[in-house]
Amino acid sequence: EPEVTQTPSHQVTQMGQEVILRCVPISNHLYFYWYRQILGQKVEFLVSFYNNEISEKSEIFDDQFSVERPDGSNFTLKIRSTKLEDSAMYFCASSGTPGNEQFFGPGTRLTVL
Amino acid sequence: SQQGEEDPQALSIQEGENATMNCSYKTSINNLQWYRQNSGRGLVHLILIRSNEREKHSGRLRVTLDTSKKSSSLLITASRAADTASYFCATDYGNNRLAFGKGNQVVVIP
Chain A
786 EPEVTQTPSH QVTQMGQEVI LRCVPISNHL YFYWYRQILG QKVEFLVSFY NNEISEKSEI
846 FDDQFSVERP DGSNFTLKIR STKLEDSAMY FCASSGTPGN EQFFGPGTRL TVL
Chain B
10 SQQGEEDPQA LSIQEGENAT MNCSYKTSIN NLQWYRQNSG RGLVHLILIR SNEREKHSGR
70 LRVTLDTSKK SSSLLITASR AADTASYFCA TDYGNNRLAF GKGNQVVVIP
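These protein sequences, in sequence, are chains A and B. Position in the first sequence (first residue = 1) + 785 = the numbering used here. Position in the second sequence (first residue = 1) + 9 = the numbering used here.
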């Protein structure tokens, strides 16, 4: 069964460093998302992406964040200068059409020291 | 029950019993989705129910939706130890971004 994959599973970085989290959505899906879950808190929407541009973004998704689909399979989330409060589990998701199921990847646990 | 501001609920049951958890939301939705998360792991999609549907089944799972009360429930029948997880509802208000509840922790005792 097709699934969303994410790499790395765990990323440790120093405050102020740039990180890139990678995702491979389900191959025939066209809508891509990033969410995050700070330990013990709710899963929060960050951004949605369709047709090579951002469709929606939350107030969390500030200028430090960017997304890109650099090729036909990968979808990336970049954090330019990480802060301690960026430590969280970051989930990528994809869906075939809007209003349908969003399938999530296993997550990347980001730890900022 | 889950909603934006409530604390997560915890439920501990014996294997074989049914588990019911609830979710409420605030405004009209396009759909509501239920997910399972094992400790520290990814979100597994369980069921999507649309605003014009009242009930859906998938295996041992039954989801209901009451749009007049703005609430949904997830029933797991004949629970197993492997059902131990956190269960989240997530609402799509039509803008294609999911708003998650805080989750219900279910522990199934063998």
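It is worth saying that the hints were derived from the structure and are not from the lab. Some hints here could point you the wrong way.
[Claimed, not checked] One-sided and incomplete, this derived list gives chain B residues near chain A with beta-carbon spacing under 7 Å:
#1 35
#2 39
#3 54
#4 58
#5 102
#6 104
#7 105
#8 106
#9 116
#10 119
If you're wondering where the values come from, they're calculated on a predicted model, not measured in any experiment. All C-beta atoms, glycine included, are put in the ideal place defined by N, C-alpha and C.
Outcome of the hint check:
no., hint, result
1, 35, "violated, 14 Å"
2, 39, "holds, 5 Å"
3, 54, "holds, 5 Å"
4, 58, "violated, 11 Å"
5, 102, "violated, 11 Å"
6, 104, "holds, 6 Å"
7, 105, "holds, 4 Å"
8, 106, "holds, 4 Å"
9, 116, "violated, 17 Å"
10, 119, "violated, 26 Å"
Going down the numbered hints, you'll see the structure goes against 1, 4, 5, 9 and 10, while the others check out.
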